[in-house]
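> Each chain, written out:
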Amino acid sequence: MTMHPLSWDLQVLNMLAALLLLLSFAMLSQRRIVALVDLLALQGALLCIATLLLAWRTGNNHLYISAALTLGLKVIFLPWLLHRLIRRLGVYWDTEPLLNITGTMLVGVLVVIFAFGLAQPISALASTATRNSIGIAVAVILIAFLTMITRRKAMSQVVGFLSMENGLFFGAMSATYGMPMVVELGVALDVLVAMLVLGVFFFQIREQFDSLDLKNFESLREDQ
Amino acid sequence: MNAFDWTVQLLGILLALGAAPVLLGWVNKCRAWLQNKSAPSILQPYRGIRKLFYKDAVIAQNASRLFRLAPYVVFGAMVTAAAVIPSVATRLPITRAADAIALVGLLATARVFLSLAAMDVGTAFGTLGARREMMIGFLAEPALLVVIFVVSLTCATTALPIIAERLSAQSFALNPSLAFTAIAFTMVLLAENARIPIDNPATHLELTMIHEALLLEYSARHLALMEWAAALKLFNYACIGFAVFIPWGLATSDAPMGLALSVVVLCIKLTLAGAALALIETLSAKLRVFRAPEFLASAFLFAVLGLLVRLLLGA
Amino acid sequence: MVGVAGLLRPWSIGFVGRTLFPLGALIGAALAVVAAIALDHPAEQLILPIGLPDLPAHLRRDGLSSVFLLLLGAASAGISIFAAGYFRRGEGTSPGLICLQYHLFLASMGFVLLADDAYAFMLAWETMALSSYFLVTTQHRIPEIRRAGFLYLVMAHLGAIAILLCFGILQGGSWRFTFEAMRAAHLSADGATVAFCLALIGFGAKAGLVPLHVWLPEAHPAAPSPVSALMSGVMLEVALYGMIRVGFDLLGFPLWWWGLLPLSLGLFSALYGVVFAAVQTDMKRLLAYSSIENIGIMFTGLGLAMVFAGVGMRSIAALTLIAVMYHALNHAVMKSLLFLGTGAVLHATGERNLGHLGGLIHRMPWVAWLTLIGVLAIAGLPPLNGFVSEWLLLQSFLLAYQVPHPFINMLLPLGAALLALAAALAAYVMVKFYGVIFLGQPREKTLQQAHDAGVAERLGLGLLAFGCLLLGFFPSTIISMLSIVTQQLGLGGLPANNAPWWLFVPIPERQSSYAPLVFFAVILAVVALAIYGVRLFYHQRIRRGAAWDCGFGGLNSRMQDTAEGFGQPIRHLFQPLFAVVRHVPDPFDTKPTYRLEIYDRIWLGLYQPLDPLVRRVAGKVAWLQQGRIANYLLYSFVTLVVLLALML
Amino acid sequence: MEFIVLLVTPLLGALILGAFGARRWAPDANVGFSLVTFLSACALTSRVVAHGNLSVAHEQFFIDAFNVFLVALTAFVGLTTSLFSRPYMRIEADHGRVSGGQQRLYHSMYQLFMATMLIALTTNNMGLMWVAMEAATLSTVLLVTLYRTPASLEAGWKYFILCGVGISQALFGTILMYFAAEKVLGSEGVSALLWTHLNAVKGELEPSVLGLAFVFLLVGYGTKVGLAPLHNWLPDAHAEGPTPISAVLSGLLLNVAMYAVVRCKVLVEGSLHSSLPGRMLMGFGLLSVVLAAFLLWRQRDVKRLFAYSSIEHMGIIAFAFGMGGPVANFAALLHMTVHSLTKSSIFFAVGHATQKAGTQIMDDIRGLITLSPTVGWGLMMGTLAILGTPPFGVFASEFLILTTAMKQQPWATPILLLALGVAFAAIFGRVQSMVFGETTAKRLPHPPALIPVFAHLGLVLMLGFFIPPYLADWYRAAARLIGGE
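The listed protein sequences correspond, in order, to chains X, E, Y and U. The first sequence begins at 69 in the numbering used here and counts up one residue at a time. The second sequence begins at 26 in the numbering used here and counts up one residue at a time. The third sequence begins at 200 in the numbering used here and counts up one residue at a time. The fourth sequence begins at 16 in the numbering used here and counts up one residue at a time.
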């Protein structure tokens with residue numbers, strides 16, 4: 069394609085992408101669960117903006133809807149739900165992650181490199197303007213994965229799970245301007261249900277163990 | 026297979042029946058001489074048998090029919106063996122009925138019945154005897170078989186009469202494998218016929234006896250038959266030895282002259298063999314029962330060595 | 200035709216109840232007759248629309264399978280009649296169920312013999328294992344029996360796996376699993392060798408070839424006696440059939456040195472089995488070990504036949520194979536007879552331990568005398584059947600010096616020596632077996648109440664005993680029947696000879712002959728004459744008195760040899776084979792007892808360690824699963840990354 | 016028409032039972048809905064067999080030989096399981112282990128689960144398939160934690176997180192696939208997600224992207240299949256949930272997930288023209304078989320034991336599909352069928368056994384056969400069947416798989432056989448001691464429902480002896496569909 073300086077919206081989009089990555093790193097290192105949720109909300113917000121921008125730029129309408137979904141679900145509802153749960157269950161802090169922060173960060177960086185390498189062939193094919201951010205999407209997903217691995221509290225694992233969802237969404241958007249509507253809706257629904265199930269879950273867990281610490285969850289094992 | 030053959034066969038059997046106790050008597054006589062004792066008559070065994078026949082049979086209460094049947098079976102087996110073994114002539118009707126292996130089987134049958142009968146009453150000595158007899162048997166029998174294998178390798182048959190014919194056909198030759206096997210055979214003969222060094226037919230010394238322990242509960246006619254069978258056994262073994270190692274003089278056709286001659290030869294052979302047996306018995310000491318397996322194992326090994334030598338040297 | 204007969208059998212399972220056993224016996228007899236008639240007919244095929252879609256079940260009846268069907272039918276006829284009386288008293292599972300399993304067992308064995316493709320064969324084979332397993336665990340309340348059953352089924356399964364692999368190689372690239380395809384397939388020497396070894400493992404495991412024998416002495420005693428009879432008398436022979444089928448039929452003509460494997464293993468098994476049998480104190484274990492011995496003899500012959508066939512001495516190979524099949528027939532009859540005898544004793548006294556039996560010949564004369572025939576037969580004494588096959592085998596061994604391989608032809612005749620040793624030991628074992636159970640004084644008071652077997656049981660025993668005599672007296676007939684098989688296998692039959700029918704001369708030029716009938720006649724005649732003579736010339740007065748026993752008084756039953764005592768010389772002689780644990784009393788015991796436990800070194804050395812080994816591995820593997828979800832996530836993460844890296 | 020009924024019935028059932036699930040008749044209603052579902056499935060099947068493939072609602076749904084047989088299987092096992100769960104849940108209720116609310120939850124979720132699985136099977140839209148799979152997870156999570164015991168919660172949590180994460184990977188894989196397809200099929204409409212369209216153009220799809228997509232899909236759906244080392248949720252979830260749920264999880268869900276994997280494999284192999292995906296599947300398969308075989312030796316809990324055996328068998332199936340080719344695929348399909356039939360019947364038997372003994376610990380379960388012969392024999396037979404002993408159908412499929420393995424992957428055969436042997440010893444040893452011997456347990460208030468058990472075993476036995484021609488053709492058609500060439 070012809071070389072020309074990126075238009076401002078693309079610059080913004082790439083900026084947003086970068087921010088997303090930054091946020092997921094922040095989540096990787098963050099230990100206060102409340103802050104973790106806020107970061108998640110922020111990530112959702114960025115995602116929403118990015119979607120809007122894309123919608124405006126490409127002018128295909130279903131992106132507006134998905135933007136709205138994002139806003140409703142990932143910016144407003146889920147953070148609210150999580151905050152509520154945190155308050156109700158009184159889990160504010162995650163304990164020391166299994167791997168110390170710097171170590172985690174280091175691994176994170178490696179993961180990012182791997183992700184970019186992975187995304188190379190895909191971006192090469194992509195016709196979308198946002199193709200370069202596919203790599204970032206993959207990175208976000210993998211880092212979210214890492215977050216889930218390193219956390220000890222059920223709550224923060226869930227947050228990691230959601231940020232992985234964000235990454236997926238972002239990936240879908242930047243690769244193909246989003247999935248067909250049916251799927252988008254289905255996905256959104258699933259996420260919603262999942263969260264509700266989780267809500268139920270947390271309370272059941274609370275009945276049994278008085279904390280959400282995952283160390284309670286190591287009884288079903290084979291090595292003894 | 027004409028009537029003449031059958032008569033000869035019958036005569037052969039009768040000869041065996043008659044000669045067996047004499048042979049036993051002869052051996053005892055020689056032994057007495059060698060030991061500077063006044064020897065009993067050579068017919069002593071006959072007298073013993075006759076006396077026993079006249080007596081009333083006394084049988085333990087809990088003896089079963091098997092106990093009473095056994096003597097006849099053993100006796101029958103021995104007579105059949107005598108009929109099968111070419112003692113006088115090789116071309117006789119019944120000799121074809123069993124080859125050497127079957128012959129060994131026949132002797133084993135006799136042994137098994139003897140042991141079973143001994144266990145029947147359920148006395149300490151009976152079972153002891155049975156155990157020892159079988160212990161001797163399971164080593165002596167394969168040794169005897171291997172001896173026969175060696176010979177059969179030389180003669181390419183296991184039929185005893187044919188072995189005798191083929192051997193007597195060829196002129197006398199020093200045969201290393203046969204030397205080994207002859208030794209093995211002699212050892213087996215000693216063991217199987219309850220002679221020193223394995224067993225002492227003359228005593229009832231509880232701890233050492235084997236053959237006598239088997240017969241302990243028998244009396245009168247049953248005992249007579251058993252004794253006679255034992256004598257026949259010795260005779261049979263001797264004849265097997267003759268057929269395998271010194272077959273010369275056996276009648277291979279049914280010319281009356283040859284038959285008469287072979288009878289004479291047989292008598293000579295028996296006389297010498299009896300003397301030799303007595304000599305061995307006198308010179309050797311009785312082994313402890315626990316040593317018997319070693320004795321027989323070495324017999325077995327000698328036979329096997331003979332086999333190997335046979336295969337190695339082809340002679 | 201036989202296929203139909205074989206097919207008919209499962210139907211008889213339909214209605215449940217004891218009345219079925221006689222029916223099963225009839226069908227067995229019918230099968231035997233049909234098989235005997237069909238023996239010299241050409242092979243016939245039957246394809247059933249069952250099995251895999253691409254591989255319908257092929258059934259084929261040829262000489263070989265007819266012989267073994269004959270064996271199956273004949274043995275099962277006797278056993279079933281016995282069983283009809285035996286299962287009267289309920290044990291463990293209900294009689295109906297036992298009946299079903301029992302006939303399923305028979306039917307599956309029939310199908311094994313008829314199967315003509317790998318799938319059908321495996322199907323029948325495993326069904327055989329399963330049904331017999333359930334029969335073994337009839338009295339599942341006893342832990343030892345459960346353990347035995349488990350061991351048995353696991354060994355059977357491993358064997359089946361080996362057989363499956365063997366078939367996998369045998370099809371030789373055609374990927375068609377019918378036996379024709381396997382016959383047609385051309386294998387590389389190595390491939391064939393591997394296939395042969397696998398078959399040896401698979402069938403050897405079923406036949407109880409040392410060192411794959413460990414399950415046998417456990418499982419056979421555990422089963423109800425008719426089942427033990429079937430397992431020992433028929434199932435082991437079915438395994439032998441499989442070996443012959445693969446070795447001589449499917450693999451075409453074997454390489455000569457293959458034979459050395461079964462030969463050596465067989466000889467070892469024969470000695471091993473008989474030596475262990477000599478020291479057993481449980482009568483059924485004793486018989487089980489004697490089965491190992493006989494299987495060893497058969498495999499020895501099989502190996503010898505392979506050597507002969509391999510070096511092209513066809514007719515001698517045929518002779519040897521005939522000897523093997525003959526021995527299979529014999530063993531089927533006599534071992535069934537003995538197991539049924541023990542069954543009757545077991546029912547009469549409730550005792551399996553030789554230490555508590557004795558003197559039963561007075562209480563149960565029928566069983567005693569009929570069993571005596573079996574004992575003499577299996578001890579290999581002329582003129583009964585056990586002797587004939589061993590005689591044949593020895594004869595063919597004596598021809599082994601002609602094998603054109605320098606060293607081997609020296610070693611082979613030694614096999615004959617070992618075989619003779621085994622046979623002699625067998626006699627020892629059988630005297631112990633019979634003497635301790637039936638002769639002497641009863642070792643327990645309770646034995647006085649022992650009662651003789653019922654009519655059905657006597658009939659069953661009688662049939663089998665009659666079989667022993669038949670097989671013993673008419674070797675020439677049997678041989679001519681069996682030579683049909685060897686002809687069909689391409690080995691050619693036996694050389695024709697002009698001997699009279701009563702005289703049995705397998706190899707004319709050797710003139711080694713054997714005429715059991717004459718033989719028997721002479722013995723009978725002499726015995727008769729002797730008895731007659733005694734009666735004629737002398738009185739036959741008999742007085743009953745106390746046993747003399749060298750005048751020692753106070754004779755009681757504890758003075759007889761125990762089973763251990765009787766086996767003692769053997770134990771001394773073959774010390775290294777056993778792992779012996781002695782429990783010796785210390786001098787101050789008020790009630791001193793002396794006990795002896797004898798273990799199988801092979802079991803201790805080869806099988807005992809397996810279980811801990813697997814557990815250790817399992818423990819190592821289990822380390823992966825520590826129940827920590829983070830780890831699990833890590834696994835997924837790593838998997839993902841690695842696979843992605845692979846894809847790039 | 017039948018199709019509408021097929022999908023609507025369970026959804027409807029979910030709603031109704033959600034409302035009245037605690038009533039006395041709820042279990043029967045549950046059976047009723049399942050029955051209707053099953054009948055419609057039969058109708059559908061017969062129609063597909065008669066008139067060939069069928070696509071509904073603008074190709075959103077598409078039924079061919081491959082999935083229709085799984086639909087029939089699913090509906091059948093669903094029916095039998097509901098039959099089994101009737102007495103089971105009653106007994107649980109009598110023991111007071113489940114409250115009314117929990118019963119409501121149970122029954123409605125059961126129907127919902129069936130619905131999601133049927134959708135996942137019949138949909139033509141990869142995205143929708145993903146949605147349905149996720150929904151299936153969610154609907155069962157709460158069933159796993161039905162008893163609210165600590166262990167069950169832990170199991171549920173692991174199930175939720177691991178499958179959730181896995182399924183997200185699957186989503187990304189789907190996105191990538193869509194992305195690749197869009198290049199060819201254009202982004203307007205949803206045709207770029209329709210399997211049929213993708214299948215039509217699979218040759219032109221960009222290999223590199225599809226390769227990556229496959230990895231994500233494999234890891235994603237593979238987690239649900241329970242392929243080692245992604246299997247860790249499986250034993251927990253099986254052991255802690257109610258037994259009927261273990262039965263359907265093992266018997267159906269795994270199949271459905273496997274179905275998804277295979278669908279993807281077909282596309283990817285078509286575009287990659289390399290056997291790499293197949294080899295990946297084989298690798299996973301072997302690893303699962305071996306791991307499971309050894310872990311079986313560590314089990315104390317009977318349901319965990321059979322959960323691991325499920326892993327083992329899924330491994331075998333994966334291996335077979337990985338090998339590819341008509342015979343292997345045929346065998347794999349057959350194995351799916353017999354495995355789900357046998358395994359669910361085993362779980363039925365186990366369910367009754369555990370209820371009788373009042374425990375799931377194997378050392379405390381003894382002498383079932385003396386207590387109630389039917390349960391005992393059911394368990395024994397089922398175990399022998401699952402261990403691949405003839406004359407049961409599992410042997411037929413394993414025979415085919417092994418022989419094909421000898422043909423195509425000789426190196427793998429010994430490994431498989433070793434694992435099978437180890438597994439045999441492990442499972443059989445334990446089951447034998449459970450079935451035989453003296454017993455301690457007591458009788459139960461409700462008669463056990465053993466029709467399902469023996470119906471399943473009967474079918475499996477039949478398949479071992481004789482596979483009806485039409486069934487065989489059907490399998491062949493499916494196999495052709497999968498195997499491509």
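If you are wondering where the hints come from, they were derived from the structure by calculation, not from laboratory data. Even for Gly, the Cβ is constructed at its ideal location relative to N, Cα and C. Incorrect hints may appear among the rest.
Said to hold, decoys possible - Partner residues are not named here, just some residues of chain Y that face chain U (Cβ under 7 Å, in silico):
no.: 1; residue: 338
no.: 2; residue: 339
no.: 3; residue: 340
no.: 4; residue: 816
no.: 5; residue: 817
To be verified - Every beta carbon over 12 Å from chain U, so not counted as near; a handful from chain X, in silico:
no.: 6; residue: 75
no.: 7; residue: 94
no.: 8; residue: 99
no.: 9; residue: 132
no.: 10; residue: 236
no.: 11; residue: 247
no.: 12; residue: 258
Said to hold, decoys possible - Covered, in the sense of this in silico footprint (three residues per stretch, anywhere, with C-beta under 8 Å from a C-beta of chain Y), are these stretches of chain U:
no.: 13; region: 361–370
no.: 14; region: 414–423
> Tell me, which hint numbers fail for this structure?
1, 10, 11, 12 and 13
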